[in-house]
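Sequences listed follow chains A and B, in order.
This note's numbering applies: residue 1 is where the first sequence begins, and numbers increase by one.
This note's numbering applies: residue 196 is where the second sequence begins, and numbers increase by one.
Keep in mind the hints are simulated off the structure, nothing from the lab.
One thing to keep in mind: the hints can contain errors.
For lysine-lysine, the following BS3-like pairs were computed, each having C-alpha atoms within a straight-line distance of at most 30 Å [to be verified]:
| no. | chain 1 | residue 1 | chain 2 | residue 2 |
| --- | --- | --- | --- | --- |
| 1 | B | 329 | A | 11 |
| 2 | B | 370 | A | 167 |
| 3 | B | 368 | A | 11 |
| 4 | B | 223 | B | 349 |
This one's a predicted model, so the numbers in the text were calculated from it and none came from an experiment.
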Amino acid sequence: MNDSELEKLLKAAPGPDLSPDYRQAFAEKVLGNLRSSPVHRTPPRSWGPRLVWTLATVGCVLLAFWIGRWHGRAETGQDILTNSKVIHETLAMFPHRVRAIVSDQHGINLVLSDADNVPASPPIYVRISDGKNLSSMVTFSGQEIQIDGQKLTVLAEEDGGIILEGKGVLWSNGKAILAAKNMQIQARTIAAGVM
Amino acid sequence: MADTDEELQWIAQSRNGDHAAFGELIRKHQQMIHTLTFRMTGSVADCQDVAQEAFVRAYQQLDSFQGTAKFSSWLYRIAVNACLDWRRREQRRERLLHDWSLEAAGQFASDGGGADGGELSREVQAALMKLPAKQRAAIVLTVYGDQNHAEAAKALNCSEATVSWRVFAARRKLKKLLGKHGGTHE
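Could you build all of it, start to finish, from the sequences and the hints given here?
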C-alpha cells in the first residue's frame, strides 16, 4: 500500500454523522455554557519575555560549557558528547527544549528550541565527516540538523535503526543509500540505561 | 482559501461579545471540529464534549486570532490541543477507552456508511486509536484537516520535521494495520 492509497482509505471511512437536531442543539449548548459561566478572555501572548528568557538560558548554558571546558582542559567536545552525566544534566535543565548538542571545529554548541516542544525520545549520537570537517552531536528523533550547510533530518525507528535524510543524502542503519562518496556517517541510539 | 468577509465579520462581532455571531461560527465549523475530535478520541460522547470545550476555548482566546492564518486552521489548533489535553486526562483509562472507541466507531459507521463503510470505519478508527496521540494528531490534521506539514506544525506547536516524522511513523503503522484493504505493498 502506498501513501496515496492509505490516504484514500482513511478518507473513505465515514466520519461522525451529526443529525440536524444535534447540530442545532450543539451551538446552543456551547452558547449556553458561555452565558452561564463568566468568560475570561486570554490576551495574546507576548513573545518578548520568552525570547529574552531563551537567549538568557542559551547564554548561560554556553557559558557553563565554556567554563567546564576551561576547568577540565583535557575534556574535549567528543568527551562531553559521550559523557552521559553531562548530557543527562543538560536535558534535565531544559526539559523538551534541547534539539541538539553539537561538537564541531567551532567547539560545543547547545541548540535549544524556543518552546518546550521536543518530544521525549532516546538521545541519538551522530558523527559525520565529509573528509574536511568532522561534526558530532547528540540529538533526537525528528530533529533537523545542519552539517556544513547540509540539512538532515534524523529519524529513529522502533527497532533501534536510525535514518538520516536530506537533499541528496539518505542513510539508514549504517548504510549510505544515497550520499556523497566522501561523506562518512555513524549514528546510534544512546540506550536509556546509559543515560 | 482565505476567510470570507462574512466570517471575518462574525469574528469581529464575537470579539465584542456577540454570542449570535459566535453561534454562526460554531455552525459553520462544527462538522469539521467533530470529525477531528472523533478521530482523536474515538468516542461519540468524548468527541462531543471535547468539541464543546474547543469552541469555548476558541471564544476565550478570540483576541489572539490575528488573521494571519485561516480561522479554520486556528480553530483546528485549539481543537487538537483540547484533544491532547483530554488524552492526558484520560490516560489512566486507556484500556477502557480503547474498548469504547471500537464501540463508538461501529455506532457512527452504522449511521453513515452502510455495511462496507461500517466495517471500514470501525477498522480505520481502531487503527487510528492504536497510534500514539501525537502521531494520531499529525495524521488527523494532514489527512482529514488537509493541512500541510507547516500548518500542522503550528497547530501542534512543534517543528515541521517533527510533524514529518510523526506522519511518516504513523503511515507506516497504519499501512501494517490496514494492509489487507489492498493496494500494492511497498
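Hint check results:
1. A hinted pair counts as satisfied when its Cα atoms are at most 30 Å apart, and residue 329 (chain B) with residue 11 (chain A) qualifies at roughly 19 Å.
2. Among the hinted pairs, residue 370 (chain B) with residue 167 (chain A) is consistent with the structure: their alpha-carbon atoms are about 26 Å apart, no more than 30 Å.
3. As the CA atoms of residue 368 (chain B) and residue 11 (chain A) are separated by approximately 17 Å, the hinted pair is consistent with the 30 Å bound.
4. Distance hint between residue 223 (chain B) and residue 349 (chain B) is fulfilled; the C-alpha atoms sit about 22 Å from each other, no more than 30 Å.
When the structure is compared with the earlier hints, no violation turns up for any of them.
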